[in-house]
Amino acid sequence: MRLSWFNVTSLTLGFAFLYLPMVILVIYSFNESKLVTVWAGFSTRWYGELFSNEAFLDAAWVTLKVAVVSSSFATVLGTMAAYVLVRGGRFMGRTLFSGMIYAPLVMPEVITGLSLLLLFIGIGLDRGVLTVVLAHTTFSMCYVSVVVSSRLMTFDRSLEEAALDLGCSPWDAFRLVTLPIIAPAVISGWLLAFTLSLDDLVIASFTTGPSATTLPIKIFSAVRLGVSPEINALSTIMIGLVTIGVLTASLATKRNALRQKKDAQAAARAA
Amino acid sequence: MKDFRRTLLILVPYLWLLALFLVPFLIVVKISLSDIALARPPYLPQFSWADGIWSFLSQLDLENFAFLASDDLYWKAYLSSLRIALVSTLLTLLIGYPIAYGMARAPEEWRATLMMLVILPFWTSFLIRVYAWMGILSQEGFLNQFLLWTGLISTPLTILNTNTAVYIGIVYTYLPFMILPIYAALDRLDGSLIEAAEDLGCSRLSAFWLVTIPLSRNGIIAGSFLVFIPALGEFVIPSLLGGSGTLMIGKVLWEEFFSNRDWPVASAVAVVLLLILIVPIVLFQRNQQKQGDP
Amino acid sequence: MPQTKFAPWDDPNQKPLIRFENVTKRFGDFTAIEALTLDIYEREFFALLGPSGCGKTTMMRMLAGFEAPTSGRIELQGQDIASVPPNKRAVNMMFQSYALFPHLTIWDNIAFGLRRDRMPKHDLADRVEEMLKLVRLEQFARRKPHQISGGQRQRVALARSLAKAPKLLLLDEPLGALDKKLRQDTQFELMDIQEKTGTTFVIVTHDQEEAMTVASRVAVMDQGALMQVDTPEQIYEAPNSVYVADFIGDVNIIAGTAQPDADGVVMLNRAEGATPLRTRSEIAFAPGQPCHLAIRPEKIAISAERPEAADNMLQGKVMDIAYIGNLFTYHVELPDGSVIKAQTANTKRLASRSFTWEEPVWIAWTDSAGVLLDR
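Protein chains in written order, with this note's numbering: chain A, 117 to 387; chain B, 448 to 741; chain C, 442 to 816.
Check before you lean on any hint, since a few could be wrong.
Sample of chain A residues facing chain C (criterion: CB under 8 Å; computed from the structure) [said to hold, decoys possible]:
#1 Leu268
#2 Asp272
#3 Glu277
#4 Ser285
#5 Ala373
#6 Gln376
#7 Asp379
#8 Ala382
Computed far set for chain B versus chain A, every beta-carbon distance over 12 Å [as the list claims (entries may be wrong)]:
#9 Leu520
#10 Leu567
#11 Asp646
#12 Cys649
#13 Leu662
#14 Arg664
#15 Glu703
#16 Gln735
#17 Lys737
Distance condition first, Cα-Cα at most 30 Å in a straight line; then the derived BS3-like pairs of lysine-lysine [unchecked claim]:
#18 Lys622(C) x Lys562(C)
#19 Lys782(C) x Lys621(C)
#20 Lys574(C) x Lys608(C)
#21 Lys562(C) x Lys585(C)
#22 Lys574(C) x Lys622(C)
#23 Lys574(C) x Lys562(C)
#24 Lys608(C) x Lys562(C)
#25 Lys562(C) x Lys529(C)
#26 Lys446(C) x Lys740(C)
#27 Lys562(C) x Lys370(A)
#28 Lys574(C) x Lys377(A)
#29 Lys378(A) x Lys608(C)
#30 Lys585(C) x Lys574(C)
#31 Lys377(A) x Lys562(C)
#32 Lys529(C) x Lys608(C)
#33 Lys562(C) x Lys637(C)
#34 Lys782(C) x Lys378(A)
#35 Lys456(C) x Lys529(C)
#36 Lys377(A) x Lys740(C)
#37 Lys622(C) x Lys529(C)
#38 Lys782(C) x Lys622(C)
#39 Lys456(C) x Lys446(C)
#40 Lys637(C) x Lys621(C)
Quick caveat, the hints were computed from the structure, so don't treat them as lab data.
C-beta atoms are modelled at their ideal positions from N, C-alpha and C, and glycine is treated no differently.
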C-alpha cells in the first residue's frame with residue numbers, strides 16, 4: 117500500500133513526539149556540565165557519580181527485591197484467579213470476585229495507596245518492604261489475571277480432557293498440559309507485574325516506611341528539586357534495559373511466528 | 448477431594464482480594480465518616496467491641512463531606528481535574544488518531560515494528576517519561592533554547608509549572624493508550640468499504656467522515672476512557688510539571704494526607720473521587736462488552 | 442474352518458461390556474438423554490448416529506467420565522462406573538479436535554498416557570514404536586503436531602488413545618475434519634486397526650454413510666432417545682420407523698391405511714380410487730391403522746411399457762432426471778400429484794437416457810421390496 121504524504125507526516129511527527137524527549141534525556145546524560153541544559157562536552161562523569169551514590173544503589177536494590185517477590189506472588193495468585201474466572205464455573209460471590217479483579221485496574225493509585233496504608237495502620241503492621249510487597253502483589257495480580265484469563269479463554273478445553281482421559285489427575289493435567297501451553301501468557305503477566313512494581317511511585321509512597329525507600333521514591337524526591345544529571349544517567353540506564361528487553365522479546369516472537377508459518381506450509385505440502 | 452481443591456483454588460485469591468482490596472476500601476469509607484483527632488491514629492471514633500457497634504455507628508457523620516462541599520478549594524480541585532482530564536483526552540485523541548490511522552495504512556511489513564514502537568514507551572518508567580519533559584520545558588530548557596535560536600521568540604516562555612505543561616505531560620504519557628485501541632479498530636476495518644464509498648460517489652474526505660470514523664468509534668471511545676480515567680486521579684504529572692496554581696484532586700489528596708495529616712478529609716476526598724469515576728468506568732465497561740459481542 | 446458370524450448381541454449368554462441402564466441426563470431444564478437402555482459387547486464397532494443435539498456426544502462423555510448421569514446406571518464389565526473419575530477409567534477417547542498436546546512431539550504425545558501408568562522405560566519405548574508402526578508414522582516421531590498434516594494428526598490421536606490398550610475406545614467424530622477422499626480411505630484403516638487390536642470401538646458421528654461403512658451395529662438417535670439399534674443391513678433394509686428410514690439413505694415414503702390380507706400380506710390403501718399397494722409385513726396391522734410404506738428408489742423398476750406381471754405397478758410421467766455418474770434417479774409424478782423416485786444403474790457407456798422429461802412411464806416393485814411402518 118502506498119503511504120500518502122499525510123500519513124507519512126503524522127507518523128513522523130507522532131513518533132518524534134514519542135521519542136524526542138527520551139532521546140534528549142539520554143543525550144544530556146552524557147553532558148559534562150552540572151547544568152543539565154547547557155552542553156559542555158561529552159562525559160560519563162554522572163554515571164560514575166551515580167554508581168558511587170549509596171542511597172541510589174540501596175534504593176535500586178530494595179526496588180528490585182520488591183519487584184521480584186511481588187511479581188512472583190502476583191503471577192501465582194493472578195493465574196489462580198484467572199483459572200477461577202474462566203474455569204471455576206458458578207460459585208457464591210462470583211460477581212464480587214470478578215469485580216475485585218477488574219476494579220484495581222481503573223482505581224486511581226492515590227486511592228489504592230491510601231486505602232492500603234489505612235489497613236496496615238489499622239492492623240498495626242509496621243510499614244517497610246513487606247507492606248510494599250503486599251500492596252504491589254495485590255494490584256499487579258489483577259493485571260496478571262487479565263492477561264492470563266484472556267489466553268485461557270481461547271484455550272481448547274479438550275486438551276485438558278484428553279490429559280484426564282489419558283490418566284492425569286487434575287493437578288497433573290494443569291502442570292503437564294495447561295501450564296506449558298499458557299506459559300507465554302504467564303511469563304508476560306510476570307513481566308508486566310515486574311514492570312508495574314519497578315515503576316510504581318504513588319502506592320509505594322503510601323505503603324512504605326523509612327526503612328524501605330524504593331527507586332521511584334528516591335527519583336521523585338530528587339527531581340522535585342529540579343533536573344539533575346545523575347537522574348538523567350539513571351534514566352538512560354533504565355531506558356536502555358527496557359529497550360533491549362522489548363527488542364529481544366519482539367524479535368523472538370517474530371522468529372517463532374515465522375517458524376510456525378513455515379512448518380504449517382511444509383505440513384500442508386506433505387499432506 | 449476434588450471439591451476441596453476447587454474450594455482452595457477459589458478461596459486463596461478471593462480472600463487475598465477481600466483482605467487487601469475490599470476491606471481497605473471499606474476502611475477508607477469508614478474513616479471518611481469519622482472526625483479528625485489528635486491521637487494515633489489521628490481520627491475518632493475507634494471501634495471497640497466493648498462499646499458495641501451501635502454506639503460506634505452513631506458517632507459517624509457526614510461532617511467531612513459537608514466540609515468538602517463548603518470549602519471551595521475542593522470544588523475547584525474536582526472541577527479543574529475534570530477539565531484538565533477532559534481537555535487532555537481530546538488533545539490525545541486529536542494527536543493519537545492520525546498516528547493510529549497512519550499505522551493502519553502503513554505497509555503490512557512495517558506494522559509490527561510500528562506497534563512495538565508504540566508499546567515500548569509503555570514499558571519505560573512513567574516517572575522518567577514525565578521527568579524528561581522537565582528538562583525540555585524549563586526556562587532555560589531545550590524547547591526555549593530552540594525557539595530562541597530560531598528567532599521565533601525573544602524572551603524565554605514560562606511553560607514548566609503551568610497547566611500547559613500538565614496537558615503536555617498527560618498527552619505524552621497516555622498517548623499509547625489512545626493509539627492502540629484506535630489502531631486495533633482501524634486495522635480490522637475492511638479496506639473495500641472505503642473503496643465502495645468512493646465508488647458510490649464519496650470524496651476521500653467524506654468517505655473518511657462517513658465510513659472510517661463511525662467504524663472506528665469503539666476504538667475512539669475505549670481509547671478516550673483509557674486516557675480520561677487515569678488522568679482524573681493523576682498525581683505525578685501535576686506535581687512535577689504543574690505549578691502551585693495547578694489544582695488536581697490526586698495532588699490535593701496527597702497533600703491532605705501527607706502534609707496536613709487530615710486522614711478523615713483525605714478519605715472523604717478519595718470517596719468523592721471514586722463516586723465521580725464510577726460513571727465513566729461503567730460507560731467504559733459497557734463499551735467493552737458491546738465490542739465483545741459485535 | 443467355517444467362520445462364525447460375529448453377533449454377540451444375538452447370544453443370550455454373552456455379557457455386555459457396557460450397559461446403559463435407564464440412564465437419564467439433564468443439563469438444567471434441558472434433557473439430553475431420556476431413560477435410555479443399551480448394551481454394547483466386546484470387540485464391537487458400535488456407532489452412535491444422529492443429528493447434532495440428539496445426545497450422542499453426551500453418551501460418549503458419560504462413558505469417558507466427563508459427565509455423570511442424572512439417574513440410572515452405566516456399567517463397564519458389570520461394574521458401576523459412576524464414581525470412577527476419567528483418569529481412572531480403562532476407557533480412552535479420541536477427541537474431535539484431536540486435542541494433541543502442541544508442546545509435545547508425536548512420540549511424547551503417544552507416550553503421554555503410558556507415562557501416567559509409570560510403565561518401565563523400555564516397555565514404554567516398545568509400545569510407542571508399536572503404535573507408530575500401527576498408524577504408519579514411524580518417520581514423524583520427532584515432529585510437533587503443527588508440523589504434520591491433518592490426516593497424520595488424526596492417526597496420532599488414534600495411536601495416542603490406543604496406546605494404553607483401553608477396553609473401550611471412544612471416537613468423537615474422528616473423521617469430521619478430513620476431506621471426503623481422505624475420509625473414505627481412513628474409514629477402512631479404522632476398521633482394519635479395530636480388527637487388529639480387538640478393541641471395542643464406540644464412534645459418534647452424524648455422517649450416516651460413515652456409520653454404515655465402519656460399524657458392526659448402529660444406534661440411530663433422536664432427541665435423547667434410541668430410535669433403532671441394529672446392524673447396518675437391518676437399519677437400511679428394515680428400518681423400524683419413518684425417522685430411521687428417512688435418516689439413512691434415500692427413500693420414498695407413501696402414507697395410507699392398512700388392510701391386512703392373508704399370508705402376512707398387507708394392502709396399503711391410499712387416497713380414494715387409487716390402486717392399493719401390496720406389501721409383505723412382519724408386523725401385524727389392524728384394519729384401518731394408519732401406516733407408511735418405505736421403499737428405496739433402487740428397488741423400483743422403471744419401464745416405458747406396462748410390465749407383464751408385478752405385485753405393484755403405477756403409471757406416471759417423468760418430471761425430473763438426476764444424473765450422478767453411476768446412477769440415474771428419475772422423479773416420477775403420479776396422477777395424484779405425489780412424486781416417487783426410481784433409480785437405475787448406469788451400465789451402458791454413453792447410453793442415452795432411456796426416458797426423457799414428460800414421458801409417460803410405468804414404475805413397479807415386488808411386495809417384499811418395501812417395509813410397512815407403523816410409526
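A quick look at each hint next to the structure:
1. Because the smallest distance between the Cβ of leucine 268(A) and any Cβ of chain C comes to about 15 Å, over 8 Å, the interface hint for this residue is violated.
2. Interface restraint check: aspartate 272(A) against chain C, minimum CB-CB distance 6 Å, threshold 8 Å, status holds.
3. Proximity of glutamate 277(A) to chain C holds as hinted, the smallest CB-CB distance being about 6 Å (cut-off 8 Å).
4. Taking 8 Å as the C-beta cut-off, the interface hint given for serine 285(A) holds, the closest approach to chain C being about 6 Å.
5. Of the supplied interface hints, the one on alanine 373(A) is violated, with its beta-carbon coming no nearer than about 12 Å to a beta-carbon of chain C, more than 8 Å.
6. The interface hint given for glutamine 376(A) holds, since its Cβ lies 6 Å from the closest Cβ of chain C, which is under the 8 Å cut-off.
7. Restraint check, aspartate 379(A) versus chain C: the minimum CB separation of about 5 Å is within 8 Å; hint holds.
8. Here the hint on alanine 382(A) is kept, as its CB sits about 7 Å from the closest CB of chain C, short of 8 Å.
9. Listed as a non-interface residue, leucine 520(B) keeps its Cβ farther than 12 Å from every Cβ of chain A; the least gap is roughly 17 Å.
10. Against the 12 Å criterion, leucine 567(B) falls within the reach of chain A, whose nearest CB is about 5 Å from its own CB.
11. Residue-level check passed: aspartate 646(B) sits 18 Å from the nearest beta carbon of chain A, beyond 12 Å.
12. At roughly 17 Å from the closest C-beta of chain A, the C-beta of cysteine 649(B) stays outside 12 Å, upholding its exclusion from the interface.
13. Every CB of chain A is more than 12 Å from the CB of leucine 662(B) (nearest about 18 Å), matching its label as outside the interface.
14. For arginine 664(B), the non-interface assignment is confirmed: its Cβ lies about 20 Å from the closest Cβ of chain A, beyond the 12 Å cut-off.
15. Distance to chain A contradicts glutamate 703(B) as a non-interface residue, since its nearest Cβ pair spans about 10 Å, not more than 12 Å.
16. Against chain A, the non-interface label of glutamine 735(B) is violated: not every CB pair exceeds 12 Å, the least being about 10 Å.
17. Every Cβ of chain A is farther than 12 Å from the Cβ of lysine 737(B); the closest lies at roughly 16 Å, confirming the non-interface assignment.
18. A threshold of 30 Å between alpha carbons decides the hint, and for lysine 622(C) with lysine 562(C) the separation of about 39 Å lies outside it, so the pair is violated.
19. Using a Cα cut-off of 30 Å, the hinted pair lysine 782(C) and lysine 621(C) holds, with the two alpha carbons roughly 26 Å apart.
20. Note on lysine 574(C) and lysine 608(C): the hinted pairing holds, with a Cα-Cα distance of about 21 Å set against a maximum of 30 Å.
21. Restraint check for lysine 562(C) and lysine 585(C): the C-alpha separation of about 21 Å stays at or below 30 Å, so the hint holds.
22. Our distance criterion of 30 Å between C-alpha atoms is met by lysine 574(C) and lysine 622(C), whose separation comes to about 23 Å.
23. With a CA separation close to 18 Å, the supplied pair lysine 574(C) and lysine 562(C) stays within the 30 Å bound.
24. The straight-line distance between the Cα atoms of lysine 608(C) and lysine 562(C) is roughly 23 Å, inside the 30 Å bound, and the hint therefore holds.
25. Restraint check for lysine 562(C) and lysine 529(C): satisfied, since their Cα atoms lie roughly 21 Å apart, inside the 30 Å limit.
26. Note on lysine 446(C) and lysine 740(C): the hinted pairing holds, with a Cα-Cα distance of about 27 Å set against a maximum of 30 Å.
27. A C-alpha spacing of about 38 Å is found between lysine 562(C) and lysine 370(A), which places the hinted pair above 30 Å, so the restraint is violated.
28. For the proposed pair lysine 574(C) and lysine 377(A), the alpha carbon gap of about 28 Å is at most 30 Å, so the pair holds.
29. For a cut-off of 30 Å, the pair hint linking lysine 378(A) to lysine 608(C) is broken: about 40 Å separates their Cα positions.
30. Taking the CA atoms of lysine 585(C) and lysine 574(C), the gap is near 18 Å; set against the 30 Å cutoff, the hint holds.
31. Between lysine 377(A) and lysine 562(C) the alpha-carbon distance is near 34 Å, which puts this suggested pair outside the 30 Å criterion.
32. A hinted pair counts as satisfied when its Cα atoms are at most 30 Å apart, and lysine 529(C) with lysine 608(C) qualifies at roughly 12 Å.
33. Taking the CA atoms of lysine 562(C) and lysine 637(C), the gap is about 25 Å. The hint holds against a cut of 30 Å.
34. As the CA atoms of lysine 782(C) and lysine 378(A) are separated by approximately 51 Å, the hinted pair breaks the 30 Å bound.
35. Annotation: proposed proximity of lysine 456(C) to lysine 529(C) holds, straight-line Cα distance about 22 Å (limit 30 Å).
36. Between lysine 377(A) and lysine 740(C), the direct Cα distance comes to roughly 53 Å. Violation of the 30 Å bound is thereby established for this hinted pair.
37. Note on lysine 622(C) and lysine 529(C): the hinted pairing is violated, with a Cα-Cα distance of about 37 Å set against a maximum of 30 Å.
38. For the hint linking lysine 782(C) to lysine 622(C), the alpha-carbon distance of about 28 Å falls within 30 Å, and the restraint holds.
39. Among the hinted pairs, lysine 456(C) with lysine 446(C) is consistent with the structure: their alpha-carbon atoms are about 17 Å apart, no more than 30 Å.
40. The suggested pairing of lysine 637(C) with lysine 621(C) holds, with an alpha-carbon distance near 25 Å, which does not exceed 30 Å.
The structure fails hints 1, 5, 10, 15, 16, 18, 27, 29, 31, 34, 36, 37 (numbered hints given earlier, in ascending order).
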